[in-house]
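J.: If you read the sequences in order, they're chains A and B. The end of the first sequence is residue 261 by the numbering used here, with every number in the run present. The end of the second sequence is residue 348 by the numbering used here, with every number in the run present.
Errors might be hidden in some of the hints.
[What the hints assert, rightly or not] Listed next, the in silico DMTMM-like pairs over lysine to aspartate or glutamate satisfying Cα-Cα at most 20 angstroms (straight line): (1) 296(B) with 171(A); (2) 45(A) with 242(B); (3) 138(A) with 330(B); (4) 45(A) with 330(B).
[Unchecked claim] Restraint-style ranges between C-beta atoms, simulated for each label pair: (5) 63(A) with 220(B): 41 to 51 angstroms; (6) 296(B) with 63(A): 20 to 30 angstroms; (7) 46(A) with 81(B): 50 to 60 angstroms; (8) 227(A) with 340(B): 31 to 41 angstroms; (9) 210(A) with 221(B): 49 to 59 angstroms; (10) 106(A) with 220(B): 36 to 46 angstroms.
Please keep in mind that the hints were generated in silico from the structure rather than gathered at the bench. Please read these numbers as outputs of a predicted model, since none were measured by experiment. No residue lacks a Cβ here, since even glycine has one placed at the ideal position from N, Cα and C.
This is what each chain is made of:
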Amino acid sequence: MRVSDRIRVVGGRREYVRFSLSQRLQHIFMFVPFIVLVVTGFPIKFPDTAFWSHSINLFGGIDTVRTIHRVAAVVMIADFAVHVFYVFFNIVRNRTPLSGMHLLPNLQDARDIATNIRYFLFLSEERPRFHRFSYIEKFDYWAVFWGMFIMAGSGLLLWYPEASGQWFPSEVIQIAYVAHSDEALLAFLAIVIWHFYNVHFNPRVWPANKVWYRGTLSEEEMMHEHPRELEDILEQLKRGRVRRHDDDDKQDGAAGRDGDA
Amino acid sequence: MPVTTCRGALASLARGLLPALLALLPLASSLANPRLADSENCELCHGLPLLSRHDDKGRFRLYEVSAETVMHSSHKGIGCRDCHADIDAFPHPQVVQKVDCGKTCHVNRPFELTVFSHRGEVEAHAMSVHGQNPKDDPETNAAKPGCKYCHGSHRMAAPDQRVQEQAKHCANCHDGKSLEGVIQHIDRHTSHRSAENSLDIVRLCSSCHGDATLMESVNVSSTQVEGFQHHFHGKAMRRGLDGVANCADCHTSHLVLPQDDPASTLSTANIRQTCGTTGCHISPSIEFARSAIHSKPTMESNPVVYVVTWGFILLTAITMALLFSHILLDFGRWVHGRFSGGGRHESE
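This is chain B alone, in the form it adopts within the complex:
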């Protein structure tokens, strides 16, 4: 078609393009609502809202795994059976095998082309204080967080909007204030187990380590969380300072070991390097590294700091009490002189 004028060219383009664009519409809508990597259509059942049952022990089990949830997680490109490997029938019988996060995945590491696996993290975790240890009593082992406790399973990050959507179903029975409670409940159980920033990580670790009853039952000190929140890192973090250390920066995420273990990042041999990681502290000395402890000082653990802390509290309280009484007495005398002495000025 010979193009004669500019307007003609536009018109012919529009005539040719419009049907083509219309033909692309279904594709566009699928781009806006991307599908889960679910070639076997597990979503046929697991996409049903609130698909659930009560198991043999009477616990409520939710089997709904909506595409929207998984699409927000890091595993959005992973097929269901890459993790749930023992499922080989449709419909499948009751699943007994737990997901092994350390198995080899069917994806390659970018740039390396080696097969990807979380094996390293799983092994580090197993060696850490959070790993299952036959020497510990069953209660302690049960209290230890596994992979899913911190990372969640399908809900790597549950957007608030989704909780609100879910809550619509709750509204069938619950209403008003109790509904708000339910929303908060769901929110707490779906979102805080996925850490996206330092504050989230501190919150996540604190969900157990700040729980005095739980920590007492497994013989772990629970003063660390409060200590951290009173320490510079904790305070500055809450004020939005980027880059101050959170729990995992020093203790690591998976290989959490006690300070007296030579392999720990906090051991005497390693702690300076830990404080110097990612350029936080330049050439830190051992005395500096030791000062970052965030347990609450007590007479036994840290007598010098404990005494000075109380010394300042007493100094402030006594000084202010004396100054304040001086002010009150002085003011009282002025009021007396002003209103009952009869004169404009108090007597000199």
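Bound-form chain A, shown alone:
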């Protein structure tokens, strides 16, 4: 792990920087269009449900809904493009080693899953001790990553179906139609059930995990959620490799310099 500005002291308490301002903005520019896309896309996915009629009425008709859907799609795709560039830029600039790319799945995740299942089934009292990203968070991240390719790819094919037919066989357009609709439902369910449970409805974090806008975790939160990462940081602190910032507001991009996005 590259030396970085991980710790800030605010009001005499240590705070651990988890997401930089840039990363938090990337999240916001992902979920705002996501909500708009769901609200403007589901009326067509479910054309007979009265509930989604409200959405069409709210926007003033199907034509407007289609336009807004495409505007939101462009914002989301742009955000994703910025994110991919951001990740590669940081990896190249910081020469991040493979071990520093904390979002890559690894063997420890498999061990954590096994530990957690044993704990769930009352076979053991030991809970997994997560590093920077738990397998739950990694799943969230890579689900969106995969979903972006499916949704943006199929969405663009459907946006320009005549042009698609000049480049691809008709089966590709038909698959795009199926994929856009089905992956949308999968993404919606994954967010509303999985992501919302983990960051809202889970009684351990209820009513919400505030890290998405604060960007930092307290020492207690770190102990509960990322104990192995905390150990790592404190270990490096002892060796004097982690810089400390007292009430430093230059937090932007701090964690981002790890290139682990």
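Once you have looked at the hints, place chain B on chain A.
T.: Coordinates of chain B only, in the frame set by chain A:
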């Protein structure tokens, strides 16, 4: 009369106009209730409510043709005998000759002054899959829609109000829920056979093509309707998008031909032009045009799309099952730790 003041002028106008307006009243009332183009007064008998009989085969035949109904149809300016040409007596004997929609009418095409006729449509229909074909068995021929099936006869569009009016007579014997059923019955049989918009046209075609039993008896696939309703055109249409293709936009109304017939609008040679009609799709490619099929994909007809469709269903089901069980187990463990572990927090 010399006009001296403004008030005087108004008063004199009123004195002169009032009788004139009163004299025009009968004309005004006839404008409000326009008469049918019925110079021979067929309405004398056919205007009688529920004028009807049971024919030789015991079928109930309704002969009432009210002016109000015809006034709502496109034929409101056409005399009765322009279509019912064989009637030449009053009272007339039993009519045996069916109306020929392809006959020459006594009206001219606007701007052209050529004689108007539905002959072109009738001939196109006769050539289409819906035309009577001696090679088909009688049952199939009987199931094919003629002009009147889709266009209605006198009721080109039956306003709901008229159905309600008619239902008053029904109320003499029927009441309560059964009356509602009767109204629905009349409504269905009078209004859905006249298509006024895309949804109506889809409904009209679906009244036969969505009927699996009927389609099976005449060897026609009945999956097209469901396929269309799941396709973008069908979905967007139900959400009110103007201009998406309905059945007749691609298949035409009268010259409906199978896809492998070179004359069909859906043949390989013509389909691109069909998708491009009225500026719907600009320079559509053949692969694009082929993608608009709306039959349900099956392993035989479209294996790639079929497998992908099921792949997504499985992916969604398995993923959500795993995620949901993870959530339930996690929540269950928390509940256990919270309520039977004794502590405020579960053990770490």
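J.: None of the hints should be skipped; say for each whether it holds.
T.: Results of checking the hints against the structure:
1. Restraint check: the Cα-Cα separation between residue 296(B) and residue 171(A) comes to about 13 angstroms, which is no more than 20 angstroms; the hinted pair holds.
2. A threshold of 20 angstroms between alpha carbons decides the hint, and for residue 45(A) with residue 242(B) the separation of about 18 angstroms falls inside it, so the pair holds.
3. In summary, the hint linking residue 138(A) to residue 330(B) is supported, as the alpha carbons are separated by about 17 angstroms, within the 20 angstroms threshold.
4. Of the supplied pair hints, the one linking residue 45(A) and residue 330(B) is violated, its CA atoms being roughly 32 angstroms apart against a limit of 20 angstroms.
5. At roughly 35 angstroms, the beta-carbon separation of residue 63(A) and residue 220(B) lies outside the given 41 to 51 angstroms, and the hint is violated.
6. For residue 296(B) and residue 63(A), the hinted distance range of 20 to 30 angstroms is satisfied, since their beta carbons lie about 29 angstroms from each other.
7. Evaluation of the 50 to 60 angstroms hint for residue 46(A) and residue 81(B) yields a pass: the beta carbon distance comes to about 53 angstroms.
8. In this structure the hint that residue 227(A) and residue 340(B) lie 31 to 41 angstroms apart at CB is violated, the actual value being about 25 angstroms.
9. Between residue 210(A) and residue 221(B), the C-beta spacing of about 57 angstroms keeps the proposed range 49 to 59 angstroms intact.
10. The beta-carbon spacing between residue 106(A) and residue 220(B), approximately 58 angstroms, falls outside the hinted interval of 36 to 46 angstroms.
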